[in-house]
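**Q** For the sequence shown, the working numbering assigns the number 255 to the initial residue and increments by one for each residue that follows.
Honestly, the hints are just simulated from the structure, not real lab data. Ideal Cβ placement from N, Cα and C applies to all residues, glycine included. Hints are supplied without guarantee of correctness; some may be wrong.
Simulated pairs of lysine to any residue, SDA-like, Cα-Cα distance not exceeding 25 Å [claimed, not checked]: (1) Lys433 <-> Glu343; (2) Lys437 <-> Gln388; (3) Lys433 <-> Thr406; (4) Lys452 <-> Val340; (5) Lys437 <-> Glu357; (6) Lys325 <-> Gly301; (7) Lys342 <-> Lys447; (8) Lys452 <-> Ile426; (9) Lys419 <-> Asp358; (10) Lys420 <-> Lys452; (11) Lys452 <-> Thr372; (12) Lys342 <-> Ala300; (13) Lys437 <-> Glu324; (14) Lys420 <-> Thr372; (15) Lys447 <-> Ile393; (16) Lys330 <-> Lys342; (17) Lys447 <-> Tyr332; (18) Lys452 <-> Asn278; (19) Lys378 <-> Glu343; (20) Lys327 <-> Val455.
Computed spacing ranges between beta-carbons, pair by pair [said to hold, decoys possible]: (21) Thr400 <-> Phe355: 17 to 23 Å; (22) Glu357 <-> Arg401: 44 to 50 Å; (23) Lys342 <-> Ile415: 41 to 47 Å; (24) Lys327 <-> Phe370: 27 to 33 Å; (25) Lys316 <-> Leu283: 31 to 37 Å; (26) Thr298 <-> Glu434: 23 to 29 Å; (27) Glu456 <-> Thr286: 34 to 40 Å; (28) Thr323 <-> Gln388: 44 to 50 Å; (29) Thr298 <-> Asn344: 34 to 40 Å; (30) Arg377 <-> Gly276: 55 to 61 Å; (31) Arg260 <-> Gln328: 26 to 32 Å; (32) Ile415 <-> Phe370: 24 to 30 Å; (33) Lys419 <-> Thr286: 46 to 52 Å; (34) Ile296 <-> Lys437: 20 to 26 Å.
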Amino acid sequence: MELSNRQEQIISIVKENGPITGENIADELNLTRATLRPDLAILTMAGFLDARPRVGYFYTGKTGMELLTEKIKQFKVYEYQSVPIVVKENASVYDAISTMFLEDVGTLFVVDQNSFLTGVLSRKDLLRASIGNQELNAIPVHIIMTRMPNITVCYRNDLLIDAAKKLIDKQIDGLPVLKESEKGFEIVGRITKTTITKVFVELVMDEHL
């Protein structure tokens with residue numbers, strides 16, 4: 255977040271004199287309380303200042319980067335998950351390759367007849383299966399997929415930063431977002447490296463508006 259000159263002055267006054275009332279800050283700047291109110295609201299919502307009734311404003315001691323980091327750590331998976339691209343267990347490798355190409359994704363999620371997650375297909379899985387003279391229409395994806403429970407997953411209420419760490423640690427393109435039930439794991443979304451990149455780019459751009 256880029257601060258105006260007046261907002262920088264307000265932070266400086268509060269640092270030196272806090273806790274300090276809004277009226278006293280306005281007096282320091284030779285402004286009315288009404289003129290100052292929007293700036294104080296912005297600085298409080300952004301986390302640079304905090305306020306207590308009948309006490310006044312005080313500086314939180316946090317830098318812009320610290321506030322940005324705290325904000326990132328609050329993001330949840332369900333806020334950013336996208337629609338999962340799935341194929342059935344009995345789909346052919348050829349169909350899976352076609353789906354991956356048409357949907358422009360790096361990971362496909364394999365589901366059973368009840369739409370519960372049973373496996374994952376990566377580009378590498380499909381590339382390995384396509385090498386040689388095999389008839390791709392005759393090979394079902396359940397033969398080559400990575401099966402549960404050997405799949406890295408996340409859940410709707412997980413922190414987005416934890417999902418990002420799993421992507422990096424496992425060096426994979428995407429994670430299925432699961433909802434657990436008595437019968438199995440329902441796939442309700444996906445988190446990918448592209449998802450994470452978009453979130454952080456948009457966040458940084460917003461902070462500079």
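**Q** Please verify whether Lys419 and Asp358 have alpha carbons no more than 25 Å apart.
**A** holds, 23 Å
**Q** For the range 46 to 52 Å, tell me whether the beta carbons of Lys419 and Thr286 fit it or not.
**A** Holds - the Cβ-Cβ distance for Lys419 and Thr286, about 48 Å, lies within 46 to 52 Å.
**Q** Confirm or reject the claim that Arg260 and Gln328 have a C-beta distance inside 26 to 32 Å.
**A** Given range 26 to 32 Å: holds, Cβ gap about 28 Å.
**Q** Okay, Arg377 versus Gly276 on CB: inside 55 to 61 Å?
**A** holds, 58 Å
**Q** Sort out whether Glu324 lies within 25 Å of Lys437, counting only the CA atoms.
**A** Given that 25 Å is the threshold and the Cα spacing comes to 37 Å, the pair is violated.
**Q** Is it true that the C-beta distance of Thr298 to Glu434 lies inside 23 to 29 Å, as the hint says?
**A** Roughly 39 Å apart at Cβ, these two residues miss the hinted range, so it is violated.
**Q** Is Lys330 close enough to Lys342, meaning Cα to Cα at most 25 Å?
**A** Not satisfied, since the Cα-Cα distance of roughly 28 Å exceeds 25 Å.
**Q** Under the criterion that the straight-line Cα-Cα distance not exceed 25 Å, is the pair Lys378, Glu343 satisfied?
**A** It holds: about 18 Å lies between the C-alpha atoms, which stays within 25 Å.
**Q** Sort out whether Glu357 lies within 25 Å of Lys437, counting only the CA atoms.
**A** violated, 29 Å
**Q** Within a Cα-Cα threshold of 25 Å, do Lys452 and Thr372 meet the stated pairing?
**A** The hint is violated at about 28 Å.
**Q** Starting from the range 34 to 40 Å, see whether the pair Thr298 and Asn344 falls in it by beta-carbon distance.
**A** Given about 57 Å between the Cβ atoms, the range is violated.
**Q** Look at the Cβ atoms of Glu357 and Arg401 and judge whether their distance stays inside 44 to 50 Å.
**A** violated, 22 Å
In this structure, the earlier hints numbered 2, 5, 11, 12, 13, 15, 16, 18, 22, 23, 25, 26, 29 and 34 are contradicted, and the remaining ones agree with it.
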